[in-house]
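2 protein chains.
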Amino acid sequence: MNIQSAAQASDLPVKTVRYYDEIGLVTPGRAENGYRAYADDDVHKLRFLGRARSLGFSLDDCRQLLSLYEDRNRASADVKALTLAQIDDVDRKIAELKLLRKTLNDLAKSCHGDDRPDCPIIDGLAR
Amino acid sequence: MNIQSAAQASDLPVKTVRYYDEIGLVTPGRAENGYRAYADDDVHKLRFLGRARSLGFSLDDCRQLLSLYEDRNRASADVKALTLAQIDDVDRKIAELKLLRKTLNDLAKSCHGDDRPDCPIIDGLAR
DNA sequence: GCTTGACCTTCCACTAACTGGAAGGATTAT
DNA sequence: ATAATCCTTCCAGTTAGTGGAAGGTCAAGC
Numbered sequence: 024m025n026i027q028s029a030a031q032a033s034d035l036p037v038k039t040v041r042y043y044d045e046i047g048l049v050t051p052g053r054a055e056n057g058y059r060a061y062a063d064d065d066v067h068k069l070r071f072l073g074r075a076r077s078l079g080f081s082l083d084d085c086r087q088l089l090s091l092y093e094d095r096n097r098a099s100a101d102v103k104a105l106t107l108a109q110i111d112d113v114d115r116k117i118a119e120l121k122l123l124r125k126t127l128n129d130l131a132k133s134c135h136g137d138d139r140p141d142c143p144i145i146d147g148l149a150r
Numbered sequence: 024m025n026i027q028s029a030a031q032a033s034d035l036p037v038k039t040v041r042y043y044d045e046i047g048l049v050t051p052g053r054a055e056n057g058y059r060a061y062a063d064d065d066v067h068k069l070r071f072l073g074r075a076r077s078l079g080f081s082l083d084d085c086r087q088l089l090s091l092y093e094d095r096n097r098a099s100a101d102v103k104a105l106t107l108a109q110i111d112d113v114d115r116k117i118a119e120l121k122l123l124r125k126t127l128n129d130l131a132k133s134c135h136g137d138d139r140p141d142c143p144i145i146d147g148l149a150r
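Protein sequences, first through last, are from chains L and C. Counting in my numbering, the first sequence runs from 24 upward without gaps. Counting in my numbering, the second sequence runs from 24 upward without gaps.
Be careful, since some hints might not be right.
You can't tell identical chains apart in this list, so a pair holds if it fits in one copy or across any two.
For lysine-lysine, the following DSS-like pairs were computed, each having C-alpha atoms within a straight-line distance of at most 30 Å [claimed, not checked]:
no.	residue 1	residue 2
1	Lys121	Lys38
2	Lys116	Lys132
3	Lys132	Lys38
Bear in mind the hints are in silico, worked out from the structure with no lab data behind them.
Please model the complete structure; the sequences and the hints are all you need to start from.
And the structure:
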């Protein structure tokens with residue numbers, strides 16, 4: 024499978040897929056002509072990356088998550104520990120976002136939102 | 024007021040304050056010796072920036088907000104629209120994180136977590 | 001067999017929003 | 001006078017890509 028098909032199958036831009044190869048995250052084989060040759064397994068990793076990235080995991084986090092996926096000799100306890108750490112991370116992020124949402128919502132609620140110039144959002148931010 | 028005092032008063036790193044000058048967001052006057060001289064109004068803007076940034080507004084958003092802040096004749100509706108867009112964004116992120124949390128949790132729950140190499144988490148990711 | 005267009009390659013430069021550090025000048029304290 | 005602490009500019013690096021140029025390859029149509 025060439026890069027464009029892999030990109031479409033994983034819902035990532037071609038440039039990004041090439042970048043993930045460059046930094047060693049998903050390194051496909053090469054065809055005779057030098058083209059990247061993506062296997063189904065590679066596409067699977069790409070899709071996983073796309074999902075994890077869109078959820079705020081850094082590429083470094085993703086590298087860890089992928090190593091779970093790739094290392095067949097890892098003790099399952101290690102795998103579980105890493106997964107639980109990721110869950111904690113997700114929980115923290117959710118909590119942060121909820122707080123952020125509340126702050127923004129409080130600001131928006133207090134704003135009459137018409138064409139008058141005075142605005143509680145601006146005043147709230149300036150406080 | 025020198026840059027360090029301004030930074031402390033606005034709770035921003037000195038480097039960041041200098042950066043905001045560099046990109047033309049908050050451009051203080053200069054003293055005889057070439058030092059940046061921050062007025063109270065500059066500090067006010069800096070604090071505004073710090074708060075808006077920490078709430079997830081991009082510097083581009085901030086530039087808009089700042090111009091709205093400075094424009095006493097702007098409609099509060101413009102400000103509200105910007106804020107509501109931020110809230111939508113946050114909501115999307117929260118929903119996605121909850122989905123990911125569930126996926127990771129399901130994987131972790133199914134894992135026996137001992138020193139055997141086979142692990143349902145890995146199998147689940149490989150699916 | 002040749003051309004056209006779509007695809008692929010690498011490489012270099014650029015983005016946001018800083019952050020760190022070096023080199024050197026100014027100010028303040030002892 | 002000297003040391004410590006500011007301040008300045010400039011250069012480089014960070015994360016996670018994105019855009020574009022220069023050039024090689026492939027499949028279709030004439």
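Quick check: which numbered hints come out false for this structure? 3
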